[in-house]
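Colleague: Here are the chains, one letter per residue:
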Amino acid sequence: MNEHRLVMTGMPAAGKTTFLAALWSLGISPHANVSYRTEYIEGDVGYLNKIGLAWAECTELGHTEFSRVESCVLRLRDARLGTSERLAIPDLSGEVFVHLLKERAWDSRVAGPLLETEGLLLFVNCEKVQEPAWIFESEAPADTPTTPWSPELIPTQTQLVDLLQCICDLRSHRETRLAIMVSAWDRAASIYADPSLWMSDHLPLLTQYLVANSLVWPNKAFGISAQGGPLPQDEARLLAMSPDERPFIVEGAASTSSADVALSPHDLGAPVRWLVAR
Amino acid sequence: MTDEAVATLSSPAGYHAAAGEALSVADSFSITRRAPTIVVAPLGPQGCGKTTLITTMYDQFQLGPFAGHLFAGSESLIGLENRSFLSRTVSGETNARTERTEVGAGEQYLHLRLQEERQHERPRDVLIADMSGEIFEKLRDQPALAAQFPVIQAAHALAVFVDGELLASAKRHHSVLYDARMLLAAIVQEAPPNPHRIFQIVITKWDVLAKVGRAESEVRNEVLQVADGLLPRPASQPDLFVTAARPGGSAAPWAYGCAALLSSWMKLDSEQAAMDEQWQATADRFFDRFKAHTRT
Ligand SMILES: Nc1nc2c(ncn2[C@@H]2O[C@H](COP(=O)(O)OP(=O)(O)OP(=O)(O)O)[C@@H](O)[C@H]2O)c(=O)[nH]1
Ligand SMILES: Nc1nc2c(ncn2[C@@H]2O[C@H](COP(=O)(O)OP(=O)(O)OP(=O)(O)O)[C@@H](O)[C@H]2O)c(=O)[nH]1
Ligand SMILES: [Mg+2]
Ligand SMILES: [Mg+2]
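Residue numbers (the numbering used here), protein chains in the order written: chain A, 1 to 278; chain B, 1001 to 1296.
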């Protein structure tokens, strides 16, 4: 059995829990054409089942509480190689990373997994990006109250560069594979064929940082739609579909090699496969 | 976030992350020891536009590569964001402005790590001093104080800023040029001679001059005279840059002249400077002085 450890990072509402719910459910499903199928149920999987059932019902998953670190273990069979894999992947609250941004201190429950991890998934919800916007004389916004500075107000791309820099320091600049998970991809897919292009348009600072630091962060972008569409708007349409066919994934170029890894358009295991590939 | 949750986090087992604020001289050693680092010092009185120019350069990277370089990181990311805040719409301000740099903050640096866009060379570090204009007003008046500021000893580029808004004012026009000449004279006198150091003059807020119809070539010639007879050979004339980091109105484009200035800094040969014995001696002295200072 191969042991793997991965960590999902990203600000609140970035799509971490929804992805994990879909990954788990697809693994349990009898017919899904995905990289990883559940082989054995280890320990208490109550949390995974809870989020998996909500996902199947097209119920939006609530915000993961700050005080909880759900340590999830998935025992999987690699559909292509036939090997047994054990994946430890905690579900962290995005608040953990807001805390880091503001307090400049690592929660020790998070620093541990980050020190041990084999690779990182960095989630960003393509609908929830705070882009930088400047005041120009001609377009002064009328009567908005002035707001004191707070790190939460800084643009998403800067928050993510800061997060990666902090993780890089924590891990003493060790080379770490990084999957950029652009979630809610159903909202961008009609405009962008490639998540890397979406990134360079909407997160140019992060894109430059990754190009310049591809030795420390070998990276690949994925467009991920774990729900298959916006909820609750698309609930009826999605419920009419087989859950296996709702999610979809689009692969972007990798800084290392460009071979695609997904077995099917629904294979949410592809980023995991890319992260653990040797 | 509940209070209890916060309490469990501040456990002694926690790891600290870098503050990401502007760097003190001591903080900057973690960068300068790792690789030859370009050190730049914008110099000039209060309100002449030093901080705005630095943050505007950073802001341009928010939009994409700038001055032929990619943004490769910064150890003062939070400090840069903080300084840029009052020019962002989220601040709720109606006119973009910059908070004055506090004199009490002393010598501090903003950091950029930049990589040339076309070549795949290693990224290079640039430290740009962000100091209150009050400090330079004191230096102008008492040049010997320069000994207390490592940046004056060790910077690869010393750039005297001349406030374009004051140049456009009938009353202040002459005094601002005198002021710049006095500061430059003091700095040239106190900075140890070094072949790798350059002196620059930067005209800021060009938009204000453009609005009153001043021609760029004429203003350049006038301002260049500030350095007449002051600079050591071989650089008998400083490089002069005309900028409008954050123009009000449309008299100049946003970040006008900033790419040229940043490029000039990135061309500085910090590696050659680092290998130069004389330079090393200067840098060592500044390290030693710092150590002596912290011991007391
Ligand atoms: N359109 C669309 N929205 C999605 C998709 N996946 C997640 N979302 C939305 O993204 C939001 C956040 O999803 P979560 O999975 O809870 O995000 P999280 O990163 O776990 O958030 P925290 O637990 O707060 O850290 C929800 O409002 C979801 O509806 C998707 O595939 N498509
Ligand atoms: N019109 C115009 N105004 C500018 C420009 N650049 C800066 N300013 C304004 O000049 C003011 C002072 O700029 P700062 O950058 O704070 O000046 P400073 O040299 O750092 O000042 P101290 O920190 O006090 O030493 C700010 O409020 C800016 O809005 C410009 O290009 N055009
Ligand atoms: Mg969650
Ligand atoms: Mg200032």
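Among the clues, some could well be false.
[What the hints assert, rightly or not] Residues from chain A shown here face chain B by an in silico Cβ test under 8 Å; the list is partial:
| id | residue |
| --- | --- |
| 1 | Val129 |
| 2 | Cys166 |
| 3 | Leu205 |
| 4 | Ala240 |
By construction, these hints were calculated from the structure, which means they are not laboratory data. Beta carbons are placed, not taken as given, at the ideal position from N, Cα and C, and that holds for glycine.
Colleague: Please flag the earlier hints that this structure goes against, numbers listed from lowest up.
Modeller: 1, 4
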